[in-house]
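Visitor: Sequence:
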Amino acid sequence: MKSKKQKMIDFLLSKANPSIKLRVKKEVLNAITKEEAEIYQEQIMKEPIIQKIIACQKENGWIGNGFHDYLDSQEGGTKYLGEKGLKGTPVLNRAMEAFATIPLDDFCYNRKGIYIDEFKYVACGQNLIRCACIARAGYDDVIDISPQIQLSIDSFRRVLDVDSILDITRPVQKGKKLVFKYYEKWPCRYHLDILAHTDSWKNENNIKLIADSVTKLMKNNQPELVNLIPQTWIGHPVGTLGAFPAQGLSVMCRGLFPFPVTHPDGIELDYNVEYIEWFARCGIVPHVPALQKAVNEIMDYVDDNGICRLPVKYDDLFKGWGPYGGLQLEVDWKSETRKACDITFRALLILHYAYGGI
3 MKSKKQKMID FLLSKANPSI KLRVKKEVLN AITKEEAEIY QEQIMKEPII QKIIACQKEN
63 GWIGNGFHDY LDSQEGGTKY LGEKGLKGTP VLNRAMEAFA TIPLDDFCYN RKGIYIDEFK
123 YVACGQNLIR CACIARAGYD DVIDISPQIQ LSIDSFRRVL DVDSILDITR PVQKGKKLVF
183 KYYEKWPCRY HLDILAHTDS WKNENNIKLI ADSVTKLMKN NQPELVNLIP QTWIGHPVGT
243 LGAFPAQGLS VMCRGLFPFP VTHPDGIELD YNVEYIEWFA RCGIVPHVPA LQKAVNEIMD
303 YVDDNGICRL PVKYDDLFKG WGPYGGLQLE VDWKSETRKA CDITFRALLI LHYAYGGI
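Going by my numbering, the first residue of the sequence shown is number 3, and it counts up by one from there.
Some hints here could point you the wrong way.
Claimed, not checked - Taking lysine-lysine and the DSS-like style, the derived pairs with C-alpha atoms no more than 30 Å apart in a straight line are:
no., residue 1, residue 2
1, 221, 210
2, 17, 60
3, 17, 27
4, 336, 27
5, 48, 89
6, 7, 27
7, 295, 315
8, 114, 54
9, 210, 179
10, 6, 27
11, 315, 60
12, 178, 210
13, 27, 176
14, 89, 336
15, 89, 36
Read the hints as simulated data drawn from the structure, not as lab findings.
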């Protein structure tokens, strides 16, 4: 009798978009030839969204006129190309070359020539975004992002070092706002993105460290800390790049925003499939009961045909390709089969990485 995982694989290999087929064979089965991958990539390159990204790529390799933005920007474009399995293609190679050669204080980064130091300013800075893009696209073997990988680990470690987030923050504006102190550390979406899509850091001690940190962030025994997310001070308070709350970190959501926080009872919620996948990629699911529960519940939605029928009430988590979301690899969701392929693919990745696919 076929396993649930095998049924999911069979469904996707028969019905899914070429990018999903490529990634199933490469990531899950670890069985794809160079020639087969190139055929899939040729098919993917013809898709309208890919062609639009290529059309707005500048001579220096930069995608579009923006950075921290949607598909027609360097961040949104490179993450999408990476998720589509296009590593090694000219469009993604050129975009990565732009990351390698364009200075961080260049106006391409939309910071008016100002470099925001990710080591000084907690969960902030264009280089943190840049390194997450490099990791997601799979080019950390080409461009060195090891300092930011270590920063990401250290940011999760800091959660365990302090009694609470109040130890590393200070009030400003007559106590109206709370900001992180300079050169402190606290984990955010981009740190997790970097760790989820790199392997060099993964060992038993580091994985357990991340797991213990996430477990502490998920606590909700201090009401004054639940959903508390300080800002970063750069001469004035600014929002972070999705810093995690002091307590109340949740893998349930109601769309892209707010960030992964605890929601009041009675509100319809979706599984935050993106974060669950990233936590699974980090190898921490076996160490965090709340994640085990989420993975098991998602798998309960897989039917006898290998199709994951997980309800998606807030489809912007899949369709909202940009800095804070984007999971859809099918060209559209005009058919139920395409929608099912996208959801089933993410469920397959979660199952694969949660239990031994590291």
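Visitor: None of the hints should be skipped; say for each whether it holds.
Guide: Results of checking the hints against the structure:
no. : hint      : result
1   : 221 / 210 : holds (17 Å)
2   : 17 / 60   : violated (35 Å)
3   : 17 / 27   : holds (14 Å)
4   : 336 / 27  : holds (25 Å)
5   : 48 / 89   : holds (15 Å)
6   : 7 / 27    : holds (13 Å)
7   : 295 / 315 : holds (20 Å)
8   : 114 / 54  : holds (26 Å)
9   : 210 / 179 : violated (33 Å)
10  : 6 / 27    : holds (17 Å)
11  : 315 / 60  : violated (37 Å)
12  : 178 / 210 : violated (36 Å)
13  : 27 / 176  : violated (56 Å)
14  : 89 / 336  : holds (27 Å)
15  : 89 / 36   : holds (12 Å)
Going down the numbered hints, you'll see the structure goes against 2, 9, 11, 12 and 13, while the others check out.
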